[in-house]
Amino acid sequence: MESGRFFGDGLTYLDPADLKGKLIAIEGTDGVGRSTHIEMLQEWLEVQGYGVLTTGWTRSNLMSKTIEAAKQGNILDRWSFSLLYATDFADRLEHQIIPALRSGFVVLADRYIYTAFARDAARGGDGRWIRDVFGFALVPDLVCYLRLDVETLALRVLESHGMNYWESGMDVKLGADLYDSFKKYQTLLIDEFDKMAEEYHFVVVDARKSPDDIQDILRAKIGPVLQTGEHVPPKAKASLEVGQDPAVSIETATSPSSS
Amino acid sequence: MTPPTQTASNLTEAHSFPGKLIIVEGVDGSGKSTQLLLLRKWLESRGFHVFFTEWNSSALVRYATKQGKKRKTLTPTTFSLLHATDFASRFYHDILPPLKAGMLVLADRYVFTAFARDTVRGVSPQWVRKLYDFAVRPDMSFYFQVPIDMAIDRLLAGTRAELKYYEAGMDLGLSPDVVQSFRLFQSQITMEYDKMIDEYGLIKMDATRSIEEQQDQMRQLVMKALEHYKPKRGTYGKRTLFWRRFDIS
Numbered sequence: 001m002e003s004g005r006f007f008g009d010g011l012t013y014l015d016p017a018d019l020k021g022k023l024i025a026i027e028g029t030d031g032v033g034r035s036t037h038i039e040m041l042q043e044w045l046e047v048q049g050y051g052v053l054t055t056g057w058t059r060s061n062l063m064s065k066t067i068e069a070a071k072q073g074n075i076l077d078r079w080s081f082s083l084l085y086a087t088d089f090a091d092r093l094e095h096q097i098i099p100a101l102r103s104g105f106v107v108l109a110d111r112y113i114y115t116a117f118a119r120d121a122a123r124g125g126d127g128r129w130i131r132d133v134f135g136f137a138l139v140p141d142l143v144c145y146l147r148l149d150v151e152t153l154a155l156r157v158l159e160s161h162g163m164n165y166w167e168s169g170m171d172v173k174l175g176a177d178l179y180d181s182f183k184k185y186q187t188l189l190i191d192e193f194d195k196m197a198e199e200y201h202f203v204v205v206d207a208r209k210s211p212d213d214i215q216d217i218l219r220a221k222i223g224p225v226l227q228t229g230e231h232v233p234p235k236a237k238a239s240l241e242v243g244q245d246p247a248v249s250i251e252t253a254t255s256p257s258s259s
Numbered sequence: 001m002t003p004p005t006q007t008a009s010n011l012t013e014a015h016s017f018p019g020k021l022i023i024v025e026g027v028d029g030s031g032k033s034t035q036l037l038l039l040r041k042w043l044e045s046r047g048f049h050v051f052f053t054e055w056n057s058s059a060l061v062r063y064a065t066k067q068g069k070k071r072k073t074l075t076p077t078t079f080s081l082l083h084a085t086d087f088a089s090r091f092y093h094d095i096l097p098p099l100k101a102g103m104l105v106l107a108d109r110y111v112f113t114a115f116a117r118d119t120v121r122g123v124s125p126q127w128v129r130k131l132y133d134f135a136v137r138p139d140m141s142f143y144f145q146v147p148i149d150m151a152i153d154r155l156l157a158g159t160r161a162e163l164k165y166y167e168a169g170m171d172l173g174l175s176p177d178v179v180q181s182f183r184l185f186q187s188q189i190t191m192e193y194d195k196m197i198d199e200y201g202l203i204k205m206d207a208t209r210s211i212e213e214q215q216d217q218m219r220q221l222v223m224k225a226l227e228h229y230k231p232k233r234g235t236y237g238k239r240t241l242f243w244r245r246f247d248i249s
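If you read the protein sequences in the order shown, they are chains S and R.
Under the numbering used here, the first residue of the first sequence carries the number 1, and numbering increases by one thereafter.
Under the numbering used here, the first residue of the second sequence carries the number 1, and numbering increases by one thereafter.
Hints listed in this document are in silico derivations from the structure and should not be mistaken for laboratory results.
One or more of the hints may lead you astray.
Unchecked claim - Taking lysine-lysine pairs in the BS3-like style, the calculated list, with each CA pair at most 25 Å apart, reads:
id, chain 1, residue 1, chain 2, residue 2
1, S, Lys-71, R, Lys-164
2, S, Lys-184, S, Lys-173
3, S, Lys-195, R, Lys-130
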């Protein structure tokens, strides 16, 4: 990271200036297509020769089972809800993200601390405490926010897998049924993301666009971030004949730099 | 869910709930749990319904803590966050409701344990204090002070007859010898506790004295603090166990 820094009271036992890699966070509510785009970005970056680590919310070794179990119980208060996710994040930060950044990897984070901020706000938090809790987080080099209005979001979620308890924020009882609750809860989250987009300078991407258009925008924004700092991308394409590796030829044809 | 109404700094200002929260702190082997147990028996014998909660005891993160300790993958930050999650869950379920209802809550260790231990483990002292900002300030915080060697003697001579890995701070690599590690780790914890005496108004207890002397002092202080407390009960006059119906005063 060019000028690595912590969000707040950081880890006392780590100097973030030692981290060479880049941290890119992809944010957005449920159902905006984050994971699909992260997969495509990983492919695009690896073809260019970048080492890539993807890390996803709740996917730590330490906490994933505990969070699943806690969700089954539906008894979480706002504080333990947020702290469970903070513990998961800390475990991934220290065991995955930081080691990868130290080795010069590009880290693609599927959701980041802003998700926790939005969810805590939707549960009545004033914003101060949750930001203090995540003080040890690294500030990303870039945050891309896939934004979808609540009407389109509701349709998409219904068309794909249907509305579930947690996506509808049923623990906060905002509406009489799943649909009403979903709309109200996701509206709160979107409002919060919109506020943060200004505060933390997110790159806002309209997620109603086609996946190809969105991917082009993401690549156009991420490309320049990787060019800054010490890290020089390896010249992977130059040493390979086009057509030798099918993945390379496909990616070369669709990458924005060649179009 | 209604969070505590106070917002500014919950831990430095008195809470406004009708109940009372009494907590004990001190290093392992200081005898604080024994003293709290005796206090509880006395309060119950006087007809109070007492709620009791202890550090690191909620079911929520038990599995993760156990796994993390076993695989030794816990970092100072995840160690701290797991304990904060445990506390948050107990605070919300076991501490806040009885306090709001006007009842008595006793806690074996409170946020000060985290402030002391986690700081020694290497997290920022400001960060860990902010982490627990949702907690309320206890009405009475007893801090049992004991020389480290006396604590070690008590633990080795006691029913456990051993020092636990994390209790001795073995994860910090202070010394390969468990007793020496315990001594170094708990000495640093004592220094952190001492800093909090004025910060949070801890009541100092001389834990080198006899159990009865300490308990006598504790009961007098608690009796004075509860002078104007009006206990609330749902079941009139029902005492938990009939054989505790002694009049000890």
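Comparing the hints with the structure gives:
Note on Lys-71 (chain S) and Lys-164 (chain R): the hinted pairing is violated, with a Cα-Cα distance of about 32 Å set against a maximum of 25 Å. Between Lys-184 (chain S) and Lys-173 (chain S) the alpha-carbon distance is near 10 Å, which keeps this suggested pair within the 25 Å criterion. A hinted pair counts as satisfied when its Cα atoms are at most 25 Å apart, and Lys-195 (chain S) with Lys-130 (chain R) qualifies at roughly 23 Å.
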